[in-house]
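> Same order as they appear, the protein sequences are chains F and W.
The numbering of the first sequence is this note's numbering, which starts it at 1 and goes up by one.
The numbering of the second sequence is this note's numbering, which starts it at 215 and goes up by one.
Rather than coming from a laboratory, the hints here were simulated on the basis of the structure.
Glycine included, C-beta positions come from ideal geometry on N, C-alpha and C.
A portion of the hints provided could be inaccurate.
As the list claims (entries may be wrong) - Partner residues aside, some chain F positions facing chain W, computed with beta carbon under 7 angstroms: (1) T157; (2) D162; (3) N164; (4) V186; (5) F187; (6) S198.
To be verified - One-sided and incomplete, this derived list gives chain F residues near chain W with beta-carbon spacing under 8 angstroms: (7) G16; (8) V130; (9) A171; (10) M191; (11) V193.
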Amino acid sequence: MKCETVQNLLDDYVDGLLIGEEPEMVARHLASCPDCARLANNLREMLQNAKGLSRHIEPRRDLWPAILEQIENEPKRRVFRTVRLGVLAVAAAVLAILAGSLLMRGLPRPGETVLTAVEAPVRLQQEVLVVEAEYQRARRELVAAMDQLPHRLAPETRTVIDQNLAVIDGAIQEIRTSLEKDPENVFLFDMLVAEQDSSLQLLGLEEAITSNTW
Amino acid sequence: MKRKVLWGILLLAVLAVVLGRTPIAAAAAQKSIDETRAVKPDGVVQISNVAGSVRVVSWEKPEVHVSGGLEKNVERVDFEVRDGRTSVQVVVREHAHGNSAAYLTVSAPSASSLEVDAVSASVNVEDAARPELERPMRPSVYVRSVSGDVEINVWASAVELKSVSGGVSFSGAAETFDAQTVSGNIQCAGAHSADVRTISGDIEVANADSVKARSTSGDFIGSNIGRNAEASSISGDVEMGVASINRVSARTVSGHIGLEGPLAPAGRVTASTQSGEVEVGFPPEVSAEFDINTVSGDVRTGFGFKSSGVNHSLDFALGSGDGYVRISTTSGNISINRL
Numbered sequence: 001m002k003c004e005t006v007q008n009l010l011d012d013y014v015d016g017l018l019i020g021e022e023p024e025m026v027a028r029h030l031a032s033c034p035d036c037a038r039l040a041n042n043l044r045e046m047l048q049n050a051k052g053l054s055r056h057i058e059p060r061r062d063l064w065p066a067i068l069e070q071i072e073n074e075p076k077r078r079v080f081r082t083v084r085l086g087v088l089a090v091a092a093a094v095l096a097i098l099a100g101s102l103l104m105r106g107l108p109r110p111g112e113t114v115l116t117a118v119e120a121p122v123r124l125q126q127e128v129l130v131v132e133a134e135y136q137r138a139r140r141e142l143v144a145a146m147d148q149l150p151h152r153l154a155p156e157t158r159t160v161i162d163q164n165l166a167v168i169d170g171a172i173q174e175i176r177t178s179l180e181k182d183p184e185n186v187f188l189f190d191m192l193v194a195e196q197d198s199s200l201q202l203l204g205l206e207e208a209i210t211s212n213t214w
Numbered sequence: 215m216k217r218k219v220l221w222g223i224l225l226l227a228v229l230a231v232v233l234g235r236t237p238i239a240a241a242a243a244q245k246s247i248d249e250t251r252a253v254k255p256d257g258v259v260q261i262s263n264v265a266g267s268v269r270v271v272s273w274e275k276p277e278v279h280v281s282g283g284l285e286k287n288v289e290r291v292d293f294e295v296r297d298g299r300t301s302v303q304v305v306v307r308e309h310a311h312g313n314s315a316a317y318l319t320v321s322a323p324s325a326s327s328l329e330v331d332a333v334s335a336s337v338n339v340e341d342a343a344r345p346e347l348e349r350p351m352r353p354s355v356y357v358r359s360v361s362g363d364v365e366i367n368v369w370a371s372a373v374e375l376k377s378v379s380g381g382v383s384f385s386g387a388a389e390t391f392d393a394q395t396v397s398g399n400i401q402c403a404g405a406h407s408a409d410v411r412t413i414s415g416d417i418e419v420a421n422a423d424s425v426k427a428r429s430t431s432g433d434f435i436g437s438n439i440g441r442n443a444e445a446s447s448i449s450g451d452v453e454m455g456v457a458s459i460n461r462v463s464a465r466t467v468s469g470h471i472g473l474e475g476p477l478a479p480a481g482r483v484t485a486s487t488q489s490g491e492v493e494v495g496f497p498p499e500v501s502a503e504f505d506i507n508t509v510s511g512d513v514r515t516g517f518g519f520k521s522s523g524v525n526h527s528l529d530f531a532l533g534s535g536d537g538y539v540r541i542s543t544t545s546g547n548i549s550i551n552r553l
């Protein structure tokens with residue numbers, strides 16, 4: 001990726017607004033380009049400093065009457081300069097508002113860094129292990145509940161649930177097989193975590209049936 | 215004569231078996247319900263049913279009306295109103311699995327939120343045709359189902375559907391549409407923003423401004439998507455038509471990626487697959503920087519560039535180059551067509 005392209009993406013990158021493989025592409029470039037990495041860090045610093053800005057600034061005294069009098073008494077040739085200063089003031093206010101609005105977007109906390117393309121697979125491996133353990137536990141509990149309380153489910157419903165548990169298992173295996181061929185593919189890790197996470201939610205739905213807690 | 219009587223009994227027995235397993239049983243069910251309660255027009259209506267069907271229709275009365283047939287193992291229907299929440303719950307005799315269907319039609323105020331839980335019952339929610347700005351949208355429609363199909367045609371702020379194997383289908387208008395299935399297919403037409411996930415089902419989304427779709431082996435088809443789309447699949451195909459591409463991302467491992475649409479100023483497209491093919495189409499006036507990479511696939515463009523061989527990339531700019539298009543494959547071919 002060219003530096004110019006990456007620099008155009010830095011705002012969205014720092015805000016966490018990039019989608020698909022864009023974050024990975026930018027992270028990979030920053031890992032190998034000190035200039036762009038410095039720009040990214042400067043941007044994060046600026047946004048971090050903006051957090052400390054006051055949300056409201058009250059003037060120490062009301063300056064407006066004096067300003068208005070000056071505007072009305074200004075010779076016409078200086079109108080452009082007054083207008084230009086006004087535009088700059090508006091621009092500065094807009095910048096302050098934008099910086100303030102960025103506070104709502106979950107900026108990186110002090111000391112928190114965005115993962116590089118090298119670090120991402122390691123972190124995701126850890127995340128996969130955690131989510132997988134949770135998924136396997138929930139799956140065991142669901143199957144145990146269905147086995148111990150067969151009267152809670154119609155046989156055809158039990159069949160549907162068993163078939164779909166097999167679909168979930170098959171999907172997870174499909175992703176794992178792809179990961180074995182490409183062990184550092186961040187996209188595949190992301191899919192595996194997302195797959196197990198959404199499977200957990202669906203297991204919750206199936207569990208509600210067995211516990212009759214509609 | 216005796217033979218005619220025997221044939222008559224046999225025919226009646228066959229009819230009894232057939233009727234017992236068809237919706238006609240709704241009319242021939244041993245019990246029925248036909249009750250009305252006064253409710254707040256903007257309250258919550260919650261319905262749960264194990265088997266049979268749930269059909270919800272809207273009206274403008276501050277009332278909920280429940281009617282329908284109940285099979286013999288349906289013990290009762292609890293129909294209560296409390297603190298703005300109306301509850302309609304089918305209770306089945308414990309340990310009974312057959313003959314436990316309830317075929318319900320529920321009329322609910324058009325401004326109420328709906329929550330429907332079903333196991334094998336089909337769910338159908340139908341709002342009356344709504345002239346623009348005449349009636350408020352429902353705040354939310356939430357449906358959970360295991361194996362019954364879900365069909366929703368509503369005007370709602372938020373629609374959320376969860377199913378295991380039943381197919382889910384939405385039409386109408388919604389600010390947000392969120393759907394999740396294991397093997398059921400998902401269809402959505404009319405949501406402003408759609409977030410859909412399935413494992414093996416197929417996904418079709420039409421007329422959304424933005425969509426996020428994920429499937430492991432199912433296909434994704436997006437038509438007339440407004441501006442933003444993010445689609446990923448392991449082995450399924452991804453096909454999208456976008457009205458004005460702002461941010462589009464498509465990722466698969468072995469599926470095919472197809473994308474068409476004009477690129478908005480500073481619009482971005484990223485598409486990657488390992489063994490699948492990528493085919494994108496842009497109008498002749500497209501303005502973007504193109505970053506194309508493949509290990510062993512061929513690259514063809516309708517803009518006068520091509521490349522082949524091993525480990526090759528193709529970088530070029532069209533127009534003022536303010537947009538950005540990045541396509542990468544391992545072995546899949548890449549085609550960039552002029553529309």
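> Under 8 angstroms, Cβ to Cβ, is where V130/F needs to be relative to chain W, so tell me if that hint holds or is violated.
violated, 20 angstroms
> Interface hint check: A171/F, Cβ to nearest Cβ on chain W, cutoff 8 angstroms. Holds or violated?
holds, 4 angstroms
> Verify the interface restraint on D162/F: the C-beta must sit less than 7 angstroms from at least one C-beta of chain W.
Hint violated; D162/F Cβ to chain W Cβ min 11 angstroms, cut 7 angstroms.
> With chain W as the partner, please determine if S198/F meets the hint condition of a C-beta pair closer than 7 angstroms.
holds, 5 angstroms
> Would you check whether M191/F satisfies its interface hint, that is, whether its CB is within less than 8 angstroms of any CB in chain W?
holds, 6 angstroms
> Taking the least C-beta to C-beta distance, is T157/F closer than 7 angstroms to chain W?
holds, 6 angstroms
> Using the nearest Cβ pair, does F187/F come within less than 7 angstroms of chain W?
holds, 6 angstroms
> When the nearest CB of chain W is found for N164/F, is that gap smaller than 7 angstroms?
holds, 4 angstroms
> Does V186/F meet its interface restraint, that is, does its C-beta lie within less than 7 angstroms of any C-beta in chain W?
It is violated, given that the least Cβ distance between V186/F and chain W is near 11 angstroms, above 7 angstroms.
> Taking the least C-beta to C-beta distance, is G16/F closer than 8 angstroms to chain W?
Cβ of G16/F sits 13 angstroms from chain W, so the hint is violated.
> How about V193/F: closest beta carbon in chain W under 8 angstroms, or not?
Violated, because the Cβ-Cβ distance from V193/F to chain W comes to roughly 12 angstroms (cut-off 8 angstroms).
The structure shown violates the earlier hints numbered 2, 4, 7, 8, 11.
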